[in-house]
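A.B. asks: Listed here are the chains, written in short residue letters.
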Amino acid sequence: MSENLLFGFSVAIVGALVAILIAVSIAATRILAAMRKGRMLSACHGYGSEAMSQTGVSVVVSGAQSEREIEERLSSEYWRYEVIVVLDSTRDGRLLSRLCRKYSMIRVSFPTDGDLKIDGVPLLYRSRQRRYRRLVLIDRLHRSRADDWNCGVVIASFDCIIPLESDRFLTSEALPRWVMELHETRPVRSDFISAQVSPTHFFDRRRVAMFSRMAVVRTGGFSGEHPRMQMMRCLRGRTLCLPLAMAKLRRRRSSNPLRQLLMTMGALPTTLLFVSLAVQRWELARAALMLVVAVYVTALFISTIALRVRLALDEEYCEDRSVSLRRLLRCSFRVF
Amino acid sequence: MVDWVGIYSVVLLVGSILMTAMVLVYTRMRACRTRVKQSLERCYLSILNRHLLEGGDLSSGFPLIDRRYSRLILATIVARLGAVTYGYDRSVLAAVVRRYALDRLLMQQASFSFGMRRVQWLHTFAMIDSAEGVYRRTLRRFGRSRNRYMALCMTLAALNHNPERSIAILAERRMPLSTFDLSEVLMMLKRGLIPVAYQPLLRSEYKNVRMLGLCIVRYFGVTEAEDDIVATISSSDSEVASSALFTLCALRLRLDRNEVRHASQRMNEDERRAWYRHLAAEGYSSRAIAKVLPANEQPQLREYVEQTVASYKRCLTN
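Order-wise, the sequence lines are chains A and B. Residue numbers for the first sequence follow my numbering, beginning at 1 and rising by one. Residue numbers for the second sequence follow my numbering, beginning at 337 and rising by one.
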């Protein structure tokens, strides 16, 4: 009975591992293809030029914590672009006053009759200097990230919205690439285009996305604990297999579903192994051990694919071979 | 079953080791190749610059040019240089292309490669002055592709080859020109390859040609084209009409016209909101925008316009 159970279990695990391997290989191929497209585009003179910047993009940042973060976001070369920073001066009033002084911000009227309903009375600041016109500050009591993003959507000047957390930063290529993908002729127009945050997080749910403002307003704005994910579930869009943003702060716990799945699959055979050893059935213990090895080797192979993608994506990546190998092993153990 | 799992593990383990080794070797080779490429690029660029500035024959030649890889680098440099040589004698670059048969080489390279690499080689091909025979063969081979990037490369190659037929080439193009396509065509125009005659473009009956005309007018700030832009607003194609409105606004021209009001009326509520928001962001006053509003505009949209414009002005209650 237990042998049959183990046999069925082994078939299921190996089947799942093969499926994951195929999915990772497809994702890696798509990332590399998108990267090659990016290289082709960057060789074109018209790409990212002023002639292409007809579409404006508003980036809404919830809870920025330092001036340097804001400056980094303002440095994009894209022409029609604004950064809406939502702050809470009751938490850190000095940041707001420093920003107001530095960028000559003045308080302006907040449009109350917007498309979305906003709680509270937010204060809106714009710069009196034309060169800082792309920076907009909102001071409001922080309730939730979704509320902050909705507030940004209400005052956004442009029709494309990119909601970001304080630790997410767009890459220099992000805006022209996103806008270009938006204008690619497709039979069905997308309400959003999502992109990866890290090149090697193949199935990560923590994606960034550019939303159509009209679509966001139509669905009633962002809501819930994971507002971006919820919005993406409500709308029709497509996914870009390319990292267009990066996370600067390391998260304590990853919510990568692939990692969680592999960890679960690794834990179950291990438990089986120990149970089998306890009852002195070597054949069963051996089978369970082989399954553990199979899971680890799959993780190692996936890490190798991730390493290949990582090295291909980063042109300036000139790492020592021993460091690369160590990184590979560490990564595979983490996945395992 | 245990055996199968064992075989699976061994195969993957060997695969991982081989793949890691390949990745590391590939990275090392790529670093070496990049260094060689950079030095060759610097060398070829200085030789070409000298010839462009001082003239003279190319008998001194280019180092290591007998290698295919070096000739591909030279082709890329010629294409890149051709894109930024304003007013220089382009025959020098054409002579280099003819002497080393770079056009034929690029066509072969495009035939051997796939996907975006092929597009990259075709784009380089489109930027150089190719011989008639090679151009015809390339057009025959890739001209009917449904890939939009390859189609763009072929359009660019055709514009480069026959600049006097530019309007006809754009009119004959079946695929609509996207923003990126327009900016690429505009870059050719900036190099002086296509004549900047906006009037025939704006008055054309073809969508692609009109879109290019509007793009030219917007990019070069041709305010003299006001009448043609206003006439284009009445176009039945919503994309052309919207682009014309955007152009009128980008050139900061007067908006209180019947054509603009009719265009606003044709939009749905969401589009009208976006249009008013755009006007407010561009700095138009609420009085100027009020003149654009259709007579039967909803009161809440009128209020929205007022509030949006006010959100760009200092708050006096502060």
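For the record, the hints were derived by calculation from the structure and aren't laboratory data. Warning: the hint list may mix true and false statements.
[What the hints assert, rightly or not] If the Cβ cut is set under 8 Å, some of the chain B residues that face chain A in the computed set are: (1) Val341; (2) Ser345; (3) Gly418; (4) Ala419; (5) Ser514; (6) Thr644.
[Stated by the list, open to error] Computed from the model, here is a short list of chain A residues facing chain B with C-beta under 8 Å: (7) Ser109; (8) Val121; (9) Leu124; (10) His183.
[Stated by the list, open to error] Quick look at which bits of chain A chain B covers, simulated, 3 or more residues with Cβ under 8 Å: (11) 70-76; (12) 290-298.
Every value quoted in this text rests on a predicted model; they were computed, and no experiment measured them. Beta carbons are placed, not taken as given, at the ideal position from N, Cα and C, and that holds for glycine.
A.B. asks: Report the numbers of all earlier hints that the structure fails to satisfy, in ascending order.
C.D. replies: Violated: hints 3, 8 and 11.
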